[in-house]
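2 protein chains.
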Amino acid sequence: MDLTEKTVSTEVIYQGNIIDVRKETVQLPNGALSQREIVAHSGAAAVVALTEEGRLVLVRQYRKAVEKALWEIPAGKLDGPEDPLECAKRELAEETGYQAEKWTKLTSIYTTPGFSDEVIHIFLATGLTPDDSGGGGDEDEFVEVGIFSQEEIRAKIRSGELSDAKSLAGLCAFWVAEGEK
Amino acid sequence: MDLTEKTVSTEVIYQGNIIDVRKETVQLPNGALSQREIVAHSGAAAVVALTEEGRLVLVRQYRKAVEKALWEIPAGKLDGPEDPLECAKRELAEETGYQAEKWTKLTSIYTTPGFSDEVIHIFLATGLTPDDSGGGGDEDEFVEVGIFSQEEIRAKIRSGELSDAKSLAGLCAFWVAEGEK
Numbered sequence: 001m002d003l004t005e006k007t008v009s010t011e012v013i014y015q016g017n018i019i020d021v022r023k024e025t026v027q028l029p030n031g032a033l034s035q036r037e038i039v040a041h042s043g044a045a046a047v048v049a050l051t052e053e054g055r056l057v058l059v060r061q062y063r064k065a066v067e068k069a070l071w072e073i074p075a076g077k078l079d080g081p082e083d084p085l086e087c088a089k090r091e092l093a094e095e096t097g098y099q100a101e102k103w104t105k106l107t108s109i110y111t112t113p114g115f116s117d118e119v120i121h122i123f124l125a126t127g128l129t130p131d132d133s134g135g136g137g138d139e140d141e142f143v144e145v146g147i148f149s150q151e152e153i154r155a156k157i158r159s160g161e162l163s164d165a166k167s168l169a170g171l172c173a174f175w176v177a178e179g180e181k
Numbered sequence: 001m002d003l004t005e006k007t008v009s010t011e012v013i014y015q016g017n018i019i020d021v022r023k024e025t026v027q028l029p030n031g032a033l034s035q036r037e038i039v040a041h042s043g044a045a046a047v048v049a050l051t052e053e054g055r056l057v058l059v060r061q062y063r064k065a066v067e068k069a070l071w072e073i074p075a076g077k078l079d080g081p082e083d084p085l086e087c088a089k090r091e092l093a094e095e096t097g098y099q100a101e102k103w104t105k106l107t108s109i110y111t112t113p114g115f116s117d118e119v120i121h122i123f124l125a126t127g128l129t130p131d132d133s134g135g136g137g138d139e140d141e142f143v144e145v146g147i148f149s150q151e152e153i154r155a156k157i158r159s160g161e162l163s164d165a166k167s168l169a170g171l172c173a174f175w176v177a178e179g180e181k
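Here the protein sequences come in this chain order: U and H.
Under our numbering, read the first sequence as residues 1 to 181, first letter to last.
Under our numbering, read the second sequence as residues 1 to 181, first letter to last.
Please note that the accuracy of each hint is not assured.
Just so you know, same-sequence chains aren't split out, so a pair can sit in one copy or run between any two.
[What the hints assert, rightly or not] Cross-link-like lysine to any residue pairs, in silico, SDA-like; alpha carbons within 20 Å at most:
| hint | residue 1 | residue 2 |
| --- | --- | --- |
| 1 | K6 | P29 |
| 2 | K105 | R158 |
| 3 | K77 | V66 |
| 4 | K23 | A40 |
| 5 | K23 | S42 |
| 6 | K77 | D117 |
| 7 | K105 | K156 |
| 8 | K23 | S9 |
| 9 | K156 | W175 |
Derived by calculation from the structure, the hints in this document are not laboratory data.
Could you build all of it, start to finish, from the sequences and the hints given here?
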């Protein structure tokens, strides 16, 4: 079944710092017209960071959009045309103070394809060694670092404390990949 | 560590059909001011639908924002102040033609807390019986239904074919809950 929606016209709504917003008129498979509001985002990279002891490194930061501090896997926006792996390495170092010996691509996810093109490239980082920065984010970023056993992470998922979609998606891809070994 | 960012002022950028956009000036924990672009969304409900044979019901639909048809767990927007469970039941029926005997809350996720308040409430639906509609979505929705074994789903995750964040997050919460039994 060809489900493609063709763009008939595009209206620019907003060009911002992190996001752009546009409204597209599209033609549906049955020929009818409909509207699509689309939030354009540069994309991001995220890291499932696994210690030698099999524990995972998470970060906690305030998310203004949801008015809560959330535990998440380390992540950050791509800097323009930046290579996602380089972005992942930079964000892991900036946020947690860790460097990794081995990097493996886990998957790429669309965070909310109903209204945004944001894609997050997720990597597994192993062979972690602390650098001397201690992490904590860059100048305007306030980040708390936590290291948890996988059982503690599962408990945080069951309790709802771990509620960030990219983090659950990344852990899902990690555990599915582990299960194949 | 108190990571809270206080709102200093708010500017409305756009009030749309699916999303509203606003720009907030916030005060960071160190007293400095920063900007936050926030996409407000009504929230949604999604369903991990498990058949008696342990297979999962997915839907495939075109996502204009990413210009691709994606396999996803059944989901849809809350209709105003609608109860998330009622929304989940409605969307499962509309999109797949299934009704479920038993509903269990799995978790709630923030799809992209860096710039949106969207929350998706995810339920496990078991005891599925087909109604006579066959699903396929409502008037302006074009949806293909697929039923896959959990091993097929894991293969789709490993290959990257299953790339929708809420779907991976919901499957993660489902498998973590199953692992506890």
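For each hint, the structure was consulted:
1. K6 <-> P29: within (9 Å within a copy, 46 Å between copies)
2. K105 <-> R158: between (26 Å within a copy, 10 Å between copies)
3. K77 <-> V66: Cα proximity of K77 and V66: in one copy and across copies (18 Å, 17 Å).
4. K23 <-> A40: Both ways: K23 and A40 sit 11 Å apart in one copy and 16 Å across, limit 20 Å.
5. K23 <-> S42: Answer is both; intra-copy 18 Å and inter-copy 18 Å each pass.
6. K77 <-> D117: Both, since 13 Å and 18 Å are each at most 20 Å.
7. K105 <-> K156: For K105 and K156, only the inter-copy Cα distance (15 Å) is at most 20 Å; the intra-copy one is 24 Å.
8. K23 <-> S9: within (8 Å within a copy, 26 Å between copies)
9. K156 <-> W175: both (15 Å within a copy, 14 Å between copies)
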